[in-house]
Amino acid sequence: MTAAVASVREPRARFRDLVASEWLKLWSLRSTGWALLFGALAVATFNVGTAWDHYRYWYAYDEAARVAFTADGRGLGDAFTGNAATVLVLWCAAMGAVAVVGEYGSGGIRTAFAAVPARGALVSARALVLAVVHAGFGAVVAGGSFWVSQAVLSLRGAGVSWGQPGAVRLVVASALLAPVCALAGMALGVLLRRGAAAVVGAVVVLLVVPMVLGEERWATAVAAHTTPFRAWHRLASEGAAGPYPWTTGGAWLVYGAWAVGAVLVTVVAVRRRDQ
Amino acid sequence: MSAAGPGGTVVDMIEARELTKRYGATTAVDGLTFTVRPGRVTGFLGPNGAGKSTTLRMVLGLHAPTAGTVTVGGRRFAERPRGLRHVGALLDASDVHGGRTARAQLAALARSNRIPLARVDAVLEEVGLAGAARRRIGGFSLGMRQRLGIAGALLGDPPVLLFDEPLNGLDPEGVRWVRGLFRRLAAEGRTVFVSSHLMSEMEHTADALVVVGRGRLIAEESLAAFAARGARPSVAVGTPSPGVLTPLLLAAGAEVVAEEGRLTVTGLSAARIGELAAEHRVVLDRLSPRRASLEEAFMELTAESADYTAGGAR
Numbered sequence: 052m053t054a055a056v057a058s059v060r061e062p063r064a065r066f067r068d069l070v071a072s073e074w075l076k077l078w079s080l081r082s083t084g085w086a087l088l089f090g091a092l093a094v095a096t097f098n099v100g101t102a103w104d105h106y107r108y109w110y111a112y113d114e115a116a117r118v119a120f121t122a123d124g125r126g127l128g129d130a131f132t133g134n135a136a137t138v139l140v141l142w143c144a145a146m147g148a149v150a151v152v153g154e155y156g157s158g159g160i161r162t163a164f165a166a167v168p169a170r171g172a173l174v175s176a177r178a179l180v181l182a183v184v185h186a187g188f189g190a191v192v193a194g195g196s197f198w199v200s201q202a203v204l205s206l207r208g209a210g211v212s213w214g215q216p217g218a219v220r221l222v223v224a225s226a227l228l229a230p231v232c233a234l235a236g237m238a239l240g241v242l243l244r245r246g247a248a249a250v251v252g253a254v255v256v257l258l259v260v261p262m263v264l265g266e267e268r269w270a271t272a273v274a275a276h277t278t279p280f281r282a283w284h285r286l287a288s289e290g291a292a293g294p295y296p297w298t299t300g301g302a303w304l305v306y307g308a309w310a311v312g313a314v315l316v317t318v319v320a321v322r323r324r325d326q
Numbered sequence: 092m093s094a095a096g097p098g099g100t101v102v103d104m105i106e107a108r109e110l111t112k113r114y115g116a117t118t119a120v121d122g123l124t125f126t127v128r129p130g131r132v133t134g135f136l137g138p139n140g141a142g143k144s145t146t147l148r149m150v151l152g153l154h155a156p157t158a159g160t161v162t163v164g165g166r167r168f169a170e171r172p173r174g175l176r177h178v179g180a181l182l183d184a185s186d187v188h189g190g191r192t193a194r195a196q197l198a199a200l201a202r203s204n205r206i207p208l209a210r211v212d213a214v215l216e217e218v219g220l221a222g223a224a225r226r227r228i229g230g231f232s233l234g235m236r237q238r239l240g241i242a243g244a245l246l247g248d249p250p251v252l253l254f255d256e257p258l259n260g261l262d263p264e265g266v267r268w269v270r271g272l273f274r275r276l277a278a279e280g281r282t283v284f285v286s287s288h289l290m291s292e293m294e295h296t297a298d299a300l301v302v303v304g305r306g307r308l309i310a311e312e313s314l315a316a317f318a319a320r321g322a323r324p325s326v327a328v329g330t331p332s333p334g335v336l337t338p339l340l341l342a343a344g345a346e347v348v349a350e351e352g353r354l355t356v357t358g359l360s361a362a363r364i365g366e367l368a369a370e371h372r373v374v375l376d377r378l379s380p381r382r383a384s385l386e387e388a389f390m391e392l393t394a395e396s397a398d399y400t401a402g403g404a405r
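Protein chains in written order, with our numbering: chain V, 52 to 326; chain F, 92 to 405.
For the record, the hints were derived by calculation from the structure and aren't laboratory data. Remember, predicted model here, so these are calculated numbers, not experimental data. All the given hints hold, so there is nothing to weed out.
Anything over 12 Å on all C-beta distances counts as not near chain V; from chain F, calculated:
1) Glu217
2) Leu258
3) Trp268
4) His295
5) Arg307
6) Leu308
7) Glu312
8) Ala327
9) Pro331
10) Val347
11) Arg363
12) Gly365
13) Leu375
Label pairs and their in silico Cβ distance ranges:
14) Ala213(F) <-> Arg324(V): 34 to 42 Å
15) Val311(V) <-> Thr124(F): 37 to 45 Å
16) Gly189(F) <-> Pro62(V): 25 to 33 Å
Selected chain F positions facing chain V (in silico; Cβ < 8 Å):
17) Gly174
18) Leu175
19) Ala195
Ideal placement from N, C-alpha and C gives every residue a C-beta, glycine not left out.
Given the sequences, and given the hints that come with them, work out the whole structure.
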């Protein structure tokens, strides 16, 4: 018997190979492109639909309302509506969850971790790919929604330009809502490991909680302000309503905290638990 | 690393020491100690639920042991940043996403470990899937998935290979191919560790065995030693006058079971029985030693530990 296998020669492990591998994994699924396209159309439809509604039923407003709408630049509100943000949150959280629960369901996660025992690094690479893809997705959806909705409104002379106060902030906040929710969905997927459970969890944490928490009491207002959905609301509006106002800086901080927190939860969960 | 005698070095050994895994009140693996050496195929045998898959997951660092250790080449596998060049593993052929093509699945694995893409085509060729490389895995038969899983295990050209029930779903040609592959990998000096719940699968594949039941080690020895120590050898004896022969055999220290005019004798060799018969002028019309089959040895050894026996108490 000959010992043909000498000691193992191995190139240095690099994080960027994991990122490249995760990129390949994501795009080798035909469903990825379709899910992004369908999600983008769904979100954009809510925005463009609202702008179209204003265009179509412009006659229903009296002269004073038309002047106020145009003078106040309320057309900006059609660039990204609350309904569109709700759909975006749901869609991105579900895609983030599917990015991990699919593998837990099939057992592919064991193949992945046997190939890369550095589990924390592997899921960090996946989180990075997920965040980049969804940031791009959000940028296209939010930028596209702004452009098309304002083009529609400009037919009535009511469109706003990028120079409108709060316009850039609204588009950037809407775009970044996508990766924040995708990462949150991924963390829930790793914690719950089942698709249905993760999606229900995402609906509760990302949508129901911010909807039921009111602005009138200090405690509920502060709790509400820690959710990404309410942070988006703050960034989408000029000034804060209610007795407990907060700054846009605080809202950006909430975005950042959710993104970082979701990655930390994901990494700690896969490192500590049996796979 | 020091040499560990003939057959390879400690670099390629799998060593489990008092390996234990409990899930709540259930003990899946109970103080397992064994060593799997290079240059041979080692069968990992046990009935369903004996703890084989749990043990393999602990070898790969997927599950953390409750107590004890298991190392590959002297190190815990989980400490290695990348795994494919150290251990190739096929845990469950269905552990893949059906939406990817075979080539995409292996390309992503290869990329994560800095393995050149050319190696993907080479292993697909080796397992006979080159023609199906660009087909989606969802449409693969179980046998094709097994081949794909084996291709993934070979990707990093590793010195240690683990296969969990690799023969499931393979057709006879596939079984013969896998056996040949295991023999070749072992002949190249690799450590090949193959689990199965069927002794018959191991009979023509393994050189050594690690046998477990209910999470405990039952035997760790060569295939030949296992066969010899399992069921005791017996001799089938046919005679027109069993009433004369039986007391003689009993007096000589044998155990005799009579059924359908034939005696099954244990504790005496065929030669000694023939001598006794000749001395006392008893006619024999049959005298044939029965070699215990491996299957019998396995059944006998694991009978007490089988978790789910048909008709047994649950």
